[in-house]
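Number of protein chains: 2
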Amino acid sequence: MSQEQNPPNLKDPKKLVEAMRAGNRMALARLISKVENRDADLAKLIADLYAHTGQAQVWGITGPPGAGKSTLVDRLAAQLRKAGKRVAIVAVDPSSPFTGGAILGDRIRMQSHTGDEGVYIRSLGTRGKHGGLSHATKEVVLVLDAAKFDVILVETAGVGQTELDILKLAQTVIVVLVPESGDSIQVMKAGLMEIADVFAVNKSDRPEADKMVRELTTMVGMIDHDEKTWLMPVHKTEAVRDVGVSELMESIRKHQDHLTVTGKRTEKARRFFKNEVLDILTEKLSQTVNSAFETSSGQELLSQLIERKTDPYEAAKIISHQ
Amino acid sequence: MSQEQNPPNLKDPKKLVEAMRAGNRMALARLISKVENRDADLAKLIADLYAHTGQAQVWGITGPPGAGKSTLVDRLAAQLRKAGKRVAIVAVDPSSPFTGGAILGDRIRMQSHTGDEGVYIRSLGTRGKHGGLSHATKEVVLVLDAAKFDVILVETAGVGQTELDILKLAQTVIVVLVPESGDSIQVMKAGLMEIADVFAVNKSDRPEADKMVRELTTMVGMIDHDEKTWLMPVHKTEAVRDVGVSELMESIRKHQDHLTVTGKRTEKARRFFKNEVLDILTEKLSQTVNSAFETSSGQELLSQLIERKTDPYEAAKIISHQ
Chain A
1 MSQEQNPPNL KDPKKLVEAM RAGNRMALAR LISKVENRDA DLAKLIADLY
51 AHTGQAQVWG ITGPPGAGKS TLVDRLAAQL RKAGKRVAIV AVDPSSPFTG
101 GAILGDRIRM QSHTGDEGVY IRSLGTRGKH GGLSHATKEV VLVLDAAKFD
151 VILVETAGVG QTELDILKLA QTVIVVLVPE SGDSIQVMKA GLMEIADVFA
201 VNKSDRPEAD KMVRELTTMV GMIDHDEKTW LMPVHKTEAV RDVGVSELME
251 SIRKHQDHLT VTGKRTEKAR RFFKNEVLDI LTEKLSQTVN SAFETSSGQE
301 LLSQLIERKT DPYEAAKIIS HQ
Chain B
323 MSQEQNPPNL KDPKKLVEAM RAGNRMALAR LISKVENRDA DLAKLIADLY
373 AHTGQAQVWG ITGPPGAGKS TLVDRLAAQL RKAGKRVAIV AVDPSSPFTG
423 GAILGDRIRM QSHTGDEGVY IRSLGTRGKH GGLSHATKEV VLVLDAAKFD
473 VILVETAGVG QTELDILKLA QTVIVVLVPE SGDSIQVMKA GLMEIADVFA
523 VNKSDRPEAD KMVRELTTMV GMIDHDEKTW LMPVHKTEAV RDVGVSELME
573 SIRKHQDHLT VTGKRTEKAR RFFKNEVLDI LTEKLSQTVN SAFETSSGQE
623 LLSQLIERKT DPYEAAKIIS HQ
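Chains as they are written, first to last, in my numbering: chain A, 1 to 322; chain B, 323 to 644.
Derived by calculation from the structure, the hints in this document are not laboratory data.
This one's a predicted model, so the numbers in the text were calculated from it and none came from an experiment.
This list has only true hints and no planted wrong ones.
The following label-pair restraints were derived from C-beta to C-beta distances:
{"#": "1", "chain 1": "B", "residue 1": "THR539", "chain 2": "A", "residue 2": "HIS321", "range": "48 to 54 Å"}
{"#": "2", "chain 1": "A", "residue 1": "GLN304", "chain 2": "B", "residue 2": "ASP548", "range": "28 to 34 Å"}
{"#": "3", "chain 1": "A", "residue 1": "SER33", "chain 2": "B", "residue 2": "ASP527", "range": "45 to 51 Å"}
Glycine residues also receive a C-beta, built at the ideal position from the N, C-alpha and C atoms.
So here's chain A without its partners, still in its complex pose:
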């Protein structure tokens, strides 16, 4: 934090947002914590933030564990900084240690940007946020958007359900693969063809890299397309040596232009807002149902369910009419 900043009044939500918008790091961290903790006054805060959002580009980066996503994200961030852009990185790992995903590089990574006010890095954990991780991630991105970051890089490990939900908030999704990720059939099976906007075959010095690039290119070529179809470019990258990253950036830029020109940006925004409203109502529903079961009639209903005197569909009707 720079020396000139006055300590913001962190109790007053309005002042907190103002301080964050003025670039105060403490205010930003506080707001993000509020999102993570699902604070009671969150709805009001987020509602107020929306007016300041919609300016940032959101890029999603996904791929199997060990593909070198973190290094690539770091390289992309460095290039964006060179171009004078303010960059935020959100690393999400909803999966277990067993799937190999781990945002271990975080502390190390952060060091390379130490003292750079134009970079903000935040990891989002997984435990204790059952079902709510994708929603919390979306709202963290929202806060960063309102905090005037130009590009927000959202990195997720793997492509499970939570990850797919999270990637929906990105306008451009970069799928990072390595030759060992398996063949293109697996890419199709994993549903990556549907979510990818740009492919990066990383660690491209390894054998089989060219084969993977060829296979992916062939698959992209087989897509039934017209003039409004985006055909995903396939890039070879070697993030550790900063090879191919500029070309990747160029493709991302082109994809962002494509979204604007074709009107797909608005389509994406519509989908995003639909999901956002649904998420808000789902969270509220969950609270309502839990409270209903705390009451004595709720407890009685549970007993009837266990004794099979009623069924959950009937119980759902009763609960929702209370």
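Take the given structure of chain A and dock chain B to it, following the hints.
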């Protein structure tokens, strides 16, 4: 299917359930398909089924890819068959090919039980069921319970969010590890200590197996416990050679007794029904919100959201009061 069975009247839900309860395989398959497809008449069907449920034991089997879960499940099924129990296996893989999870063994596995009316095997896929996989799985288990299977084995790959949701429906969770799964710290980080009722260190002929057993045993020993606490047994198994499976079975049996004696079975049932009611209402909410956005006022609301004239919290209020 045995020759004596008459073709059931599959159009009439009541008859369909009757046929399934009488052991008709075609009726069973049809009912499960209805659950997978979220059929319109599902609520009525499921509601009617509940009266016939609550008899089956549900065992969850989870662990990292490559731990040999499928083989172990197969061995457990074989032992249960020897004891005269009817067994259903539900294999769920919500993760991508990249995490290594794959229910590829299914076809092969099924062959070893060909012609055995006492075994039913079903895989549940992942695509096209965003967010609904755990709910669908629960209802499939319900159908199998009503179909009078004594034990239902639910196998999931990995321990992501969807898997954890699915495991909640099991009374006994067996966590299968292999020496290479990593150390016990990872087991703790993955939240496996919270969900495991029995540990199986599989492929126990490998080096490091004893070390893993020791570590797990130490960790279990560190649990703060009283007479009502279940301390998870740690077993060495070699599923391919059928080694240690009887001992594992014995621990599962003891755990089932423990649930009854301590009243934890009822606690689990209460939690299950709470979640079930919430799932039903969440699914309904999702349909309501989607329909609301299809109307002209819904479309107008979306435009206002995109133009930041309103925010999703405000929109959620409007939608829920329509």
